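Given next are the chains, with one letter for each unit.
There are 2 protein chains.
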Amino acid sequence: MAPARELMRLREGRRRVVIEGVQPEIDGGRFPVKRVVGERVTVEADVFTDGHDAVAADVRFRRDDDVVWRDVRMAFVENDRWRAAFPVSELGWYWYTLRAWVDRFGTWRGDLEKKAGAGQEVTVELPAGEQMITRAARSATREDAGALRAWVKRIQGGSDKAVEAALDPALLTLMDRYPDRRLATSYGKQLVVVVDREKARFGTWYEMFPRSCSPEPGRHGTLAEAEERLKYVAGMDFDVIYLPPIHPIGTTHRKGKNNTIRPEPDDPGSPWAIGSAEGGHKAVHPQLGTIEDFDRFVGRAREHGMDVAIDLAYQCSPDHPYVSEHPEWFRHRPDGSIRYAENPPKKYQDIYPLDFETESWPELWEELKSIVLFWIGHGVRIFRVDNPHTKPFRFWEWLIGEIKAEHPDVVFLAEAFTRPKVMYRLAKLGFTQSYTYFAWRTTKWELEQYFTELTRTEVAQFFRPNLWPNTPDILTEQLQTGGRPAFMQRLVLAATLGASYGIYGPAFELQENQPLEEGSEEYLDSEKYEIRCWDVERSDSLADFIGRVNRIRRDNPALQSDRGLRFHRIDNEELIAYSKRTEDRSNVVLVVVNLNPRLAQEGWLQLDLDALGLDQDQSFQVHDMLTEARHLWRGARNFVRLDPAVVPGHVFRIRGRVRTEHDFEYFM
Amino acid sequence: MAPARELMRLREGRRRVVIEGVQPEIDGGRFPVKRVVGERVTVEADVFTDGHDAVAADVRFRRDDDVVWRDVRMAFVENDRWRAAFPVSELGWYWYTLRAWVDRFGTWRGDLEKKAGAGQEVTVELPAGEQMITRAARSATREDAGALRAWVKRIQGGSDKAVEAALDPALLTLMDRYPDRRLATSYGKQLVVVVDREKARFGTWYEMFPRSCSPEPGRHGTLAEAEERLKYVAGMDFDVIYLPPIHPIGTTHRKGKNNTIRPEPDDPGSPWAIGSAEGGHKAVHPQLGTIEDFDRFVGRAREHGMDVAIDLAYQCSPDHPYVSEHPEWFRHRPDGSIRYAENPPKKYQDIYPLDFETESWPELWEELKSIVLFWIGHGVRIFRVDNPHTKPFRFWEWLIGEIKAEHPDVVFLAEAFTRPKVMYRLAKLGFTQSYTYFAWRTTKWELEQYFTELTRTEVAQFFRPNLWPNTPDILTEQLQTGGRPAFMQRLVLAATLGASYGIYGPAFELQENQPLEEGSEEYLDSEKYEIRCWDVERSDSLADFIGRVNRIRRDNPALQSDRGLRFHRIDNEELIAYSKRTEDRSNVVLVVVNLNPRLAQEGWLQLDLDALGLDQDQSFQVHDMLTEARHLWRGARNFVRLDPAVVPGHVFRIRGRVRTEHDFEYFM
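Line by line, the protein sequences give chains D and P.
Reading the first sequence from the start, the letters are residues 1 to 668 in this note's numbering.
Reading the second sequence from the start, the letters are residues 1 to 668 in this note's numbering.
Don't read these hints as lab results, they were simulated from the structure.
Bear in mind the structure is a predicted one, so any value in this text is a computation, not a measurement.
Where hints are given, some of them may not hold.
With a straight-line Cα cutoff of 30 Å, these simulated DSSO-like cross-link-like pairs (lysine-lysine) come out [to be verified]:
no.: 1; chain 1: P; residue 1: 444; chain 2: D; residue 2: 528
no.: 2; chain 1: P; residue 1: 421; chain 2: D; residue 2: 189
no.: 3; chain 1: D; residue 1: 347; chain 2: D; residue 2: 257
no.: 4; chain 1: D; residue 1: 153; chain 2: P; residue 2: 528
no.: 5; chain 1: D; residue 1: 346; chain 2: P; residue 2: 189
no.: 6; chain 1: D; residue 1: 421; chain 2: P; residue 2: 189
no.: 7; chain 1: P; residue 1: 347; chain 2: P; residue 2: 528
no.: 8; chain 1: P; residue 1: 199; chain 2: P; residue 2: 421
no.: 9; chain 1: D; residue 1: 189; chain 2: D; residue 2: 114
Okay, chain D solo, but in the shape it has when bound:
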């Protein structure tokens, strides 16, 4: 047993405090939590020791390149639970951990208080306290040391006054600055926070195909023409303009209109069939323009207050330069031919997937990273990543880590529509934002369940949803059949349930709703395979409505975060109600949406007044920011009626303090 004895000495068996159940801590600390600049990280833990001694604990935090930890003292919550919060004010990584110790002075003081309270003789206890105060004075600032020694003098008397002095809260406050941490327990792990810029949390996205921006039907649009469309998009208050791949498009096995395999000579092909003799992922498709055109597009977008997001689709057309320059990056059949993409029995002959199991994977990884750096060099800070779930998890963790080490302001949006655990894993290992199942969550129950999972569980620590009612791949059944009210309803849901959301336009605002065929979610005459010419000035466009909703988002901080979401009861399955509020409650928004695009619905709301920061008997004003109607409500129970033919939802700003006749001086 001699070795055990040695181990005992090394391990210091007198560290008596336990720290466990730390939150947030994703998968035992394997993954970071996410915040944006200016937010706080609230840390909780179970902290306790044996016996009856009082404990104290700190949350310790530092920026990645700081050497010194900063400490925040934790406060007791209940049931051995403690809590503290720290701010993250700069981009990049923060570390946090905890330490806890037996609070000797607090224990002594508490015991003294109880004994004195029970009328027991306590002067025998005073010297132990004197010793602690004297010890604290040794490590204190000059000023505090003087004050502490003065307290010692007052206690030394041993009189009733001495006990009173020992129990003085001012002494406790002073002593709390110099805790005896000699036998403190350190939490073994250091946990990480990734701090992003605000757009990681709050962004309003507009996706458009630049090749469809030509005013002349049938002609291939250019980046210069897409530039002209920016004013229109900015007019709706979008702040991210996202372009599908802008690279040269392959010709081998090019797809024709409506995804047919025999294209016409002038069919433009799918932008996701990347690469031709004219270049690969670092080139601009010649029909769109030049890299200088792209740079100018980025500059103009910035003038309009918009970031440009581009598509990061790591796959190649058979004509991509990589195919001849790096055949080892593709998977070959025993007969030497390269395998095209498949999801049997479906075949994608115009796409060669990269083989991440190649022996040359380090070179492949570096090349793929260089693509990101290339576009960062051209002003791009947001990447929408195509199908990340078909490339290895380790690759993404490495890539995103490498990029963000140098460019912490970069945002990666994961376009993974796949199984839930895969989607969460991608978020954990670094994706800033993620597409969601929102498009297919249509009933009240589905929406409540899903958004409770996303915002009220651990998921909220690492997964930032970005909600899309439509994409070029997804024209939901609801939009196909629900007409204009369905578009409005889904827009209000996306824009108010999600701090980040986006639409694929102009298909969305022009309510494009014809599917390729019965039962398909593909668009008929999809822009993926042909050039479209959109009349964005059409009188039935939803552009004004969308702009109004986006301005409500801009003006209401409650809608710029997913943290404050709460659902409220309403006695009609076709009506959904929820609120969002800022942490300081200065902004509270209540949304009610009619989920039925055909029939008017009415019902009684049963508001969770606590979630709204309202008292039971308080009058409050609800101001519908969509219609500018204002009502005076009181208490939890209130009636609503929504006709989809008029407007499918209320987006109320709640104003708690309302003047009534009781406020007038002459009312008595």
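Dock chain P against the given chain D, drawing on the hints supplied.
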């Protein structure tokens, strides 16, 4: 970025499979899970990879002193969840971990099947499969290699028959023996199972004070007289006899009857005030006898099929030899006096707590360990540990680990009645069993909540409840006021809700129910402070009833584990219903208890037939093992009535296959 590049090569970026969400895994693997010999450990994990490839996974396990891992292939459950179980057949520690890999052959075969099913031309796919089979043959046994090469020949034709051969399940079975694990992912952690003997899970405890075993009122009983009581205890089918401390009792500040501070000269003192001039924790109180008497007591108990459990109370009377020999193990006031135990304003002047913050803690730890080893040397294998929550957590983890490394059959029961997280922590760090809040859980809601937490959550992996309706410290209000029915009711609950339970007798079977004072849970004339003489032959004793209940436990394996517990609905808040069943469903017990000790209660049961292993339309016999009554029931809804004046509960054995007239040959 050169270092990153090096790191990339080392880390092998091609390991594409993820293993996460492993269960059981207590606090990220910090603590072991618990099993007894002969049980299984069922391991679950989320296992998935990028893209559409199939995956496969093993649970790997080994005994602590084995070098080689044994593998069990995991089976797919749903939603990326996989599961496998392994047996633990020997005492001590087992390790388990996981590995997972892309199932290349399974992926190829699955794709082939889909393509062939869609009528696609697939001969071009066959050579890739041939390569995999040929490769597998190289590492296969001679016999399997031959068989694999034969399959290759059948596939090489490339005909329809070749495809049929490639898809043959027999080939898949063969290939599954030789998976290509070159790029397998290993789960980073090795997790631990502590395997105890069966008594750790299933034990029936009887606590008694040997000094009260004298047949002569007022005389101090001896271990020899306690030996005579063993037959009586064994007659009730108890299998653990637990003795409060048997060590010399201090005289300084000795407590008198009913915990008064002025004892009579002949007051025996509290057995927990350990140590006098006659010895400390390794000595036997002279009035009880000698160490040889103790050895004989242990031997006789064994003959009666009982283990002896002793009390491990690490505290000292002021007269303990440690006080003079090791003053450094106690905490001193500034004036040099030793601090007695306190929980202000309460004082325990007859007890000196050990100071675990002493500089000499390694010596103290070793000495405390030597106490356990001393009693192990005298045949003790079960220790009921007094107030473990007032000694450091690290100490217990070390002590229990050290003892069990040499003596894996030792059982430690934690007597910690304290806050929930502290109780769970003690269980996690090594205590084999734990006292619970059972004594204070009296309503249906409380019992259902608490036992669901104990048996249906992660808690069941590390915390083994031992239920006590009474102890020398706890005479609950219910027992004080509920009379004989309350004792019977609480006994049935403890004995059937808990695979381990115990009573403090003869106070229990004689229904001792007078508290020290109104509102107190202390017994009047408590054995802790005086000698009692019990008439165990009293006609109103519950000994027969207790014996019957314990025999039902012995005969029904379902009651010997807490794992199979399920609550059933019954439409009366005073009636509680639950079942337990063995994993193989060969033994199913249904219990219904009337929680009201005064009034008869009746109600309709709504049985969860699935939990009972019964079909909806099946007749089944319920055999009340307490009364020997038998009823034929059918379906979920059944009526029960329980009169506490007769018997407060049913303990039914369910016999699913019941003969009816339909079974007779002549019934058509």
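Given the proposed pairing of residue 189/D with residue 114/D, does the C-alpha separation stay at or below 30 Å?
violated, 37 Å
Is the hinted pair residue 347/D and residue 257/D satisfied, with a Cα-Cα distance of at most 30 Å?
At roughly 17 Å apart (the allowed maximum being 30 Å), residue 257/D and residue 347/D satisfy the hint.
So if I understand the rule, the pair passes when the alpha-carbon distance is 30 Å or less; does residue 444/P with residue 528/D pass?
Violated: residue 444/P and residue 528/D sit about 62 Å apart, past 30 Å.
Has the given pair, residue 347/P with residue 528/P, been kept, meaning a C-alpha gap of at most 30 Å?
holds, 17 Å
Take the C-alpha atoms of residue 346/D and residue 189/P, compute the straight-line distance between them, and say whether it is at most 30 Å.
With a Cα-Cα distance of about 39 Å, the restraint between residue 346/D and residue 189/P is violated, given a limit of 30 Å.
Restraint check for residue 421/D with residue 189/P, where alpha carbons must lie at most 30 Å apart
The given pair, whose Cα atoms are some 20 Å apart, holds under the 30 Å limit.
Hinted pair residue 421/P and residue 189/D, Cα distance within 30 Å
Measuring from Cα to Cα gives roughly 20 Å; hence the hint holds.
Agreement of residue 199/P and residue 421/P with the hint, judged by alpha carbon distance not exceeding 30 Å:
holds, 25 Å
Measure nothing beyond the straight line between the CA atoms of residue 153/D and residue 528/P; if it is 30 Å or shorter, mark the hint as holding.
The hint is violated at about 46 Å.
Hint compliance for this structure: hints 1, 4, 5 and 9 are broken, all remaining hints hold.
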